[in-house]
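Going line by line, the protein sequences match chains D, C, G and X. Be aware that the first sequence starts at 1, since it is given in this note's numbering, and climbs by one per residue. Be aware that the second sequence starts at 333, since it is given in this note's numbering, and climbs by one per residue. Be aware that the third sequence starts at 665, since it is given in this note's numbering, and climbs by one per residue. Be aware that the fourth sequence starts at 1044, since it is given in this note's numbering, and climbs by one per residue.
Please note that a few of the clues may not be correct.
Listed below are the simulated EDC-like cross-link pairs for lysine to aspartate or glutamate, each with C-alpha atoms no more than 20 Å apart in a straight line [said to hold, decoys possible]:
no., chain 1, residue 1, chain 2, residue 2
1, C, Lys385, G, Asp945
2, C, Lys385, G, Glu881
3, D, Lys53, X, Glu1260
4, C, Lys362, X, Asp1202
5, C, Lys372, G, Asp945
No lab work stands behind these hints, which were simulated from the structure alone.
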Amino acid sequence: MTDQPTGVQKLNIIKAINAGLRRSMENDAKVLVMGEDVGKLGGVFRVTDGLQKDFGEDRVIDTPLAESGIIGTAVGLALRGYRPVCEIQFDGFVFPGYDQIVSQVAKMHFRSGGRLRLPIVIRIPYGGSIGAVEHHSESPEATFAHIPGLKVVTCSNPLDAYWMIQQAIRLDDPVVFFEPKRRYYEKAEVDLDGEPDLPLESARVALPGTDATVAAYGPMVKTCLDAAAAAADDGRSLEVIDLRSLSPLDLRAVYDSVRRTGRLVMVHEAHRTLGVGAEVAARVTEQCFYSLEAPVQRVTGYDTPYPPARVEEEYLPDLDRVLDAVDRTFAY
Amino acid sequence: MTDQPTGVQKLNIIKAINAGLRRSMENDAKVLVMGEDVGKLGGVFRVTDGLQKDFGEDRVIDTPLAESGIIGTAVGLALRGYRPVCEIQFDGFVFPGYDQIVSQVAKMHFRSGGRLRLPIVIRIPYGGSIGAVEHHSESPEATFAHIPGLKVVTCSNPLDAYWMIQQAIRLDDPVVFFEPKRRYYEKAEVDLDGEPDLPLESARVALPGTDATVAAYGPMVKTCLDAAAAAADDGRSLEVIDLRSLSPLDLRAVYDSVRRTGRLVMVHEAHRTLGVGAEVAARVTEQCFYSLEAPVQRVTGYDTPYPPARVEEEYLPDLDRVLDAVDRTFAY
Amino acid sequence: MTVETAAGDTPPEPELVQLLTPEGQRVPSEHYDPLIADITGDDVRSMYRDLVLGRRVDSEAVALQRQGELGLWASLLGQEAAQVGSARALRPQDHVFPTYREHAVALCRGVDPVKLLALFRGVDQGSWDAVETHFHLYTIVIGAQTLHATGYAMGIQRDGAIGTGDPDRDAAVIAYFGDGATSQGDVNEAFIWASVTNAPVVFFCQNNQWAISEPLERQTRVPLYRRAAGFGFPGVRVDGNDVLACLAVTREALQRARDGEGPTLVEAFTYRMGAHTTTDDPTRYRLNAELEHWKLKDPIERVKAFMVRGDLADQAFFDGVEEEADELAVHLRAACRALPDPTPTSIFDHVYVEPTPDLVAQRESMTAHLDSFEEEAAR
Amino acid sequence: MTVETAAGDTPPEPELVQLLTPEGQRVPSEHYDPLIADITGDDVRSMYRDLVLGRRVDSEAVALQRQGELGLWASLLGQEAAQVGSARALRPQDHVFPTYREHAVALCRGVDPVKLLALFRGVDQGSWDAVETHFHLYTIVIGAQTLHATGYAMGIQRDGAIGTGDPDRDAAVIAYFGDGATSQGDVNEAFIWASVTNAPVVFFCQNNQWAISEPLERQTRVPLYRRAAGFGFPGVRVDGNDVLACLAVTREALQRARDGEGPTLVEAFTYRMGAHTTTDDPTRYRLNAELEHWKLKDPIERVKAFMVRGDLADQAFFDGVEEEADELAVHLRAACRALPDPTPTSIFDHVYVEPTPDLVAQRESMTAHLDSFEEEAAR
Ligand SMILES: Cc1ncc(C[n+]2csc(CCOP(=O)(O)OP(=O)(O)O)c2C)c(N)n1
Ligand SMILES: Cc1ncc(C[n+]2csc(CCOP(=O)(O)OP(=O)(O)O)c2C)c(N)n1
Ligand SMILES: [Mg+2]
Ligand SMILES: [Mg+2]
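Turn these sequences into a full structure, and let the hints guide you.
Next comes the structure, spelled out in structure tokens:
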């Protein structure tokens, strides 16, 4: 037994995921953590800090430097009954493992007629605004959410981080778990002993409101909440919805909201074309056709490669661009 | 000089692309063809038939069996001034090369501040309905169209095939070139000596019509034309638009059409969620908000892994599902 | 001078491990004979039977494909000895990660060959029970399964199921792949993983000298078994058409793995006698003379000659096996034709462990669409 | 018995190629001495200068990062000899494909170090002219550039620029990568491609013994240079802290490539003296004693000792180089701070050769958005 943190604690997302991993490993001896530098170093963001010390090198595996190998061996470990949690060091480095993820991980359950299960979690710190060099600030979630057989989720705050990682690990489906690295250090109170108040695959109303709906996920939730605060000062009430689950995409709360407000702004860091916002816009228009006062407005990263750090803030959606989009919906 | 076919010929898509490759290789000694089995065998679909015999092993390269290697060495060859045309044997086998495509090929021009160009064409036979085993029937175009820096195009008939492959090779941007393998053997007259009547990146009105708009690309264009013929028998006039270019997405003709018809059905084989149809629906709703009588209807492959061959026809969109969707747009 | 020897001036090739000549003569080997000392006449006869039945499953499947009953078939013709020899080296607790061509291995592991036909018919994507048979799903993406095998072997290590000395407990994994596959990143990463973790896995490469139309020299300029040394584990080249040699070499490699001594690469040097698959036309890229040359090394004929020579079987035995093969063929034909098509809505099953709301909705829309035809037909 | 020797019972390691001891003593070598017979005192002095300036660029960049002027820096500390020795072996027509740490190679190829700073400052992603300098862009995705290098070398072959005997025409490519990179599929695929095509490429692995926090044994259990033999080309291990040995070994390998004799793997055995990057904290995972041990093998000190010992330079020379380094540092500081930020709309440039309508529209919307602030401010 290791020192399992308990009680209500003020944690940032890193510490919350660490606590969630720790609890999962305590509860189930089959849970493994694997990836580059996850051992002694505790990962480049320290998300796995202390786990190797407490659970040993057999359960917290510093792997060779090869992402296809990380995912491919995780498949084998899962077939043997283990529950591997793979860390991909940064968003842009998941692609060497993309083939194993989309052609093997996503399909094994289906191909085997349901006989085989791959309870693998692939953790990916993602998104920008951290002043990094190339390949360290990407938002590739759409390239996973398009693939049947994968679940794709992302947390936006320490409480969700703590519970969602545990829920993802408990699930018998493979889960791609996106972590908003620009929010890693933001803190909140987490009751480590409670129960999650939402299923993994549910969206959450982060802020109720009446005039327009704003949907976002991961790092952009805080941006939208900030925008909502600013809008409130101007007398406009925005409802902010944290999607949390990108596949399956849970839009019930969005439909409800849009049927009340008639206006939706969808925000993400990923490129606009074929980003998650495209699917949200398409579905909301299908489901709320007669309620929409304006077409869904998308506030996203542009359709350019992620730019150099000195210009990334202009590339990324921010409070002003969100409010502009809200204004646009009112211009219809 | 090799035997360059000339005049007006009745060709299928395979022969048309072969003729286009041959002409490109004749015109520019820097054009190379590379991939698995492209040499003596002429590719598993014979698209490169006879090219190695005529242009030699230095220009038509049978590569080792590794897709990342194919794309990665093509990058080097392109930096040296060559224009490699890479063949990926089947859609499902592109993913081992996905990292090189999205992180290297797509970005080199941008990263270098425009100094370096990668005129690489990546040919991918795609789509289903050929009775194949796993990984041989996929439609992964959305995972490329989401990536800035890549152009993504697809042909639906021999004439387009002949010209588009030549235009793609001439372009200084990297192009992912999707070939509709279920239509490979359909024939049409091709004037080999003419000029293309459209830029590579333009959509084409395949059939003018007045009552509703149907947009499709690649293998689904014929399906939609068949549906339009059936609809005409019932007195309903469908306008069918062949998108041809998925990135950049040319929707001018679709907007024009929807502004007249008020109804759009978007058809593709790829999975529905975050398929190209999502982006089309989102953009059309943005641009034609007040013209739309009904939300854009999507007729697509389902959000399941591509199923076994004996049930693929039920998985794939067909004439009936297209007509059903047209009916749905009229129910609004 | 520390420059290693290049391809040109290598030391003489070590002999291919061979225990049976093409003429069926037993080649004595100080090293390998003890590894098959327990093999009785019964064992040889039973291996012969596996070889013949394996070949018959294959030829029957090719015929069924020609008749339109299968969408495709990847023939194992010529590779029976490599498959049966290596498969017979497995213990019940060992695990197999195949490509798409290991039909005779499947047979040895008790997989119903009708299930192989079902896959190539397009009815499903692998309906055998991998957990029960320890024979995992066919993998078509070249090389991907070598990493699964290595990960599985890492799991065996974690379960403490190596190096205990208990012959019923210590387990190993065997990964099958082709000569072409050795060029894939995944296979090389598997070598690295296995080496660094000392995982109990045997990499069994059937070098049939062709990857569709590409000859071996498009994948390597040195013999493949040598690849292993560079990764820090042993490599051995065995006559892949010699079932006894394949048995002995694989037994040794598997035992090393079970004993906790880590991975081995076995290169079974063989030849793809047929087309790559039923859609392939090898006359476009290889000479008939090559095929004729390899016919003389047929993996079944040499066992038969060995058995006749050593009085291990009489004509009645051979006739019996032939008869059994005929019966199997009849059964396969009938069973294949009787395979029911999947129901359309079955495609929504098993995408996830629990169906998602989206998929429930999509299934309903398919059902409504299909029902509309029935309604129309009923009218 | 044909089982290859396993990791345990390998033949004794061949000596590391070393021409200068850590104490600066020249080690004679029958094989390698002729390869550097032309090296004059001037050449040694000039190499010393490269080593010192390379290190100074590095330490200045680390300082600038600390001051918040750079987002990140990947220090080359300890690897100067491997980089300068190999870079000085290049001819003008050769080409370099680096990782993100080859700052001293860049310097030797005439890349303005300010451009290296610009990249790590986040101003651009590589603004040097790869065509002119023959020094390609930094590649951060581990191993990806080894395939580019191999493809480039295949292009050189097709241009007939190998094996002509013309020393100004025959060209080669050098690909840099680390010990960790050897685990990536791409690097192994590059080995295969280069071997099969006999491409004129030198794989130069700076084995600095760490991949961030992971020690060498997480990537391999045998010395890395041995990997090459399994792929059919020579591998050699050189003292990566010995600039002369690196020069000699790389010259030989490049010349083989230019002569049309194919690829070589050079493993430069060295040590990462600093953190992985400025965000890394190596005290979490490695012992200080290791660092202290390697300090004794410093790549610059030994050249200095060699020069003093052989009267190749006096104090004035050393002082002069120091002064030059100081000036370079002053220049770098000023030039780095003066680097203009990119304009926001510049992100739309060079996504494609010609801007697409979508990007034109997105650029316009950004401009309108930015203008709205100015309007607001103006009010
Ligand atoms: C990643 C990937 N690329 C391409 C293919 C297409 N393909 C199927 S089999 C084959 C050749 C395989 O050769 P080898 O590994 O020698 O096995 P063999 O078929 O000879 O048994 C190719 C290229 C594939 N299945 N997977
Ligand atoms: C594909 C990929 N995965 C992970 C990373 C993150 N990463 C950056 S450097 C590094 C270690 C590289 O080690 P090595 O190859 O030895 O080179 P060194 O940094 O020691 O020079 C890692 C894991 C990356 N850049 N690319
Ligand atoms: Mg083969
Ligand atoms: Mg290193």
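Please flag the earlier hints that this structure goes against, numbers listed from lowest up.
-> No hint contradicted; all consistent.
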